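Produce the entire structure from the sequences given, and follow the hints as far as they go.
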Amino acid sequence: MFELLGTALVHLMQVKYMVPLALGTLAGIVGGALPGVTITMTIIVVLPFTFGMDPLQGLAAMTGVYVGGSAGGLVTAVLLGLPGTPSAIATTFDGHPMAQRGEPGRAVWTGVWASVFGGLIGGVFLIGATGPLASIALQFGPWEFFSLFILALSMVAGLVEASLLKGLIAGALGCVVTVLGTDPVMGQERLTLGVPFVRGGIDFLPVLIGVFAFAQIMTEVERVGGVERAAHAAQRKLSLAVSHAKVLWDIVSRPFLLLWTSFIGVLIGVLPAIGGSAASMMAYDQAKKFSRHPEKFGSGVPEGIIASESSNNANVGGSLVTIMAFGIPGDAVTAVMLGALTIHGIQSGPLFISQNAQLAYGIFAAYLVAHLLMVLILALGARWMLRVVTVPKAALFPVVLVLCTVGAYALNNTMSNVYVLLVFGVLGYAMVKFGFPLAPFILGVILGDQIEINLVRSIMTDSDLWLFLTRPISGTLLAMSVGSLLLSLWQHRRQQRKLAASGEDADF
Amino acid sequence: MLSRDGWAGLAVLAASLVLFWLTLGLKGNPMVPIGPGFYPRIVLGITAALALLLVGADWAAARKRAAPPEARAQRNYRLVAVMFLVFGVYCGALPYLGFRVATLAYIAASNALLDAPRGARGARGWGRVGLVALIATVVIYYVFEHYLLVLLPRGRWTGF
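These protein sequence lines are chains U and S, in that order.
In this text, residue positions in the first sequence follow the working numbering: the first is 35, and each later residue adds one.
In this text, residue positions in the second sequence follow the working numbering: the first is 26, and each later residue adds one.
Rather than coming from a laboratory, the hints here were simulated on the basis of the structure.
Everything hinted at is true.
These stretches of chain S come out as covered by chain U in the derived footprint (C-beta under 8 Å, 3 or more residues):
hint, segment
1, 48 to 54
2, 62 to 71
3, 125 to 133
The structure presented is a predicted model; accordingly, all values stated were derived computationally and were not measured.
We treat Cβ as the ideally placed atom computed from N, Cα and C, and that holds for glycine.
Shown next as structure tokens:
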């Protein structure tokens, strides 16, 4: 394993890989720093640029975006009190008060170094766990895969913040998208609705790009003019000079906090589609509970920044494990990476690491090196990040949508995917406005075909449907799906009772 | 009276029932014991049942709802609708005008819609809008066509 990693690190040091990795990390940091532009949108914008590259170049660039984006949000969160990404929200709680207290350098660099440590802990898990988990997944038959995908969908639907019912409907709608076009088993045409571009089925990447890009941009368009505060604040002159030894001591002198919050980040990352924001909020909450002085949280204590940023970057490692071992995207960013793999003709899943060892270890190496590049880029340009947030959104949004269009078009050089992008852009925005979560929908679109293929394969192998329950792993996974739904139902009901007690309206 | 959840549930219910009805016309394949309509029927049946539950839950909640909904923050939905329309026109125009012309016009139009140049500096503002559109179009075109070898759409009317 270490020999392969060493070889991959040496291989990655070539200019042709380092340039996309560095540019991806830079793009991630900039995208992360821009309030209203998430890592998902940044990776969607970067995606078409990777089409002409070899798989490792493209995936290195995307890994760079993922790592850079997870840390980029902290700069604006700390200095302006505006989280660049949702995953940096918890960083604002203590980072911004610390900066306001006259220690902006300490606040930024505590976040940066905590991100590095968290990311590296996530990296250790990524490198150590992917192979063994993939080996377990290799024992799976179609029954187990079917049940695993059902578990992933039920967990995502249940863990979203909106109502459980809407989460389940969103997941089911995602699966409905996959039944339009062609039957994946025999390639027979079905439910094309007379629309020519549906005949070949609907590619999930334009759906993903359309749903996420439009939902986000149009939600921002509704309140155009709301980011002026950032522009004014950015004019302030700030010094980020700091003693790095002191900052590093701040972090390593709290090993339990660092390890526990990174572990939370990894764990949340492994669970599909929950994302870095939940990881950092949960880690912040845990850090506060375990602290000897919880009352100081929110006033600018380093523990708050360490908890949020270490979990946030460790989350990236966890998300990459899920996609590399099981072929299930951990979040929207890894869903785009899954699309990139497909474009390059590589099948993700349990066989990925054994069939593409060089590429898999290349991704591990890119993940590790991206953290060092992130420190370097932030050391050179943290102050310039503040100027980035002054980019007028009126100019930025149309360019982002054009890049989304190019990304959809370039998938197979036809306009069909552009029309799919538009249709699902409208649907994504409507879903957001009606309170339907997007994560289960996207997971449904990605897994729908696989659920069908494995269901049909299992029935073709043996028509006994009880096998889904009587095969130990499959039965356990299905029981976990039911358990996960019951748990979410109980949590939603409890929340509903709390809200009812406080006189507010609740959402089932 | 149904809220937005109830109406959304009804829309999903209607769509899934229509699609379910369409699956009844799918012919089976002698090679496969399960026809192409087997899985879609399961998925659409579940979707319809969930949508029905949402409508029911909303209807039940409506009886308890006494207070009128809170006033929401002011949102510019008209601008959103216009932005979608402009993007729709852009998608429609791409095969006819080609990437370069359509993109230049789209970026300029969207930029102007989102931040219309007004007042004494209007002319300068329009210049900035045009310049941003031109630079973005040229850079995207150059990078994708020449560096990444992606052949962008050519216009049937413009010839390039």
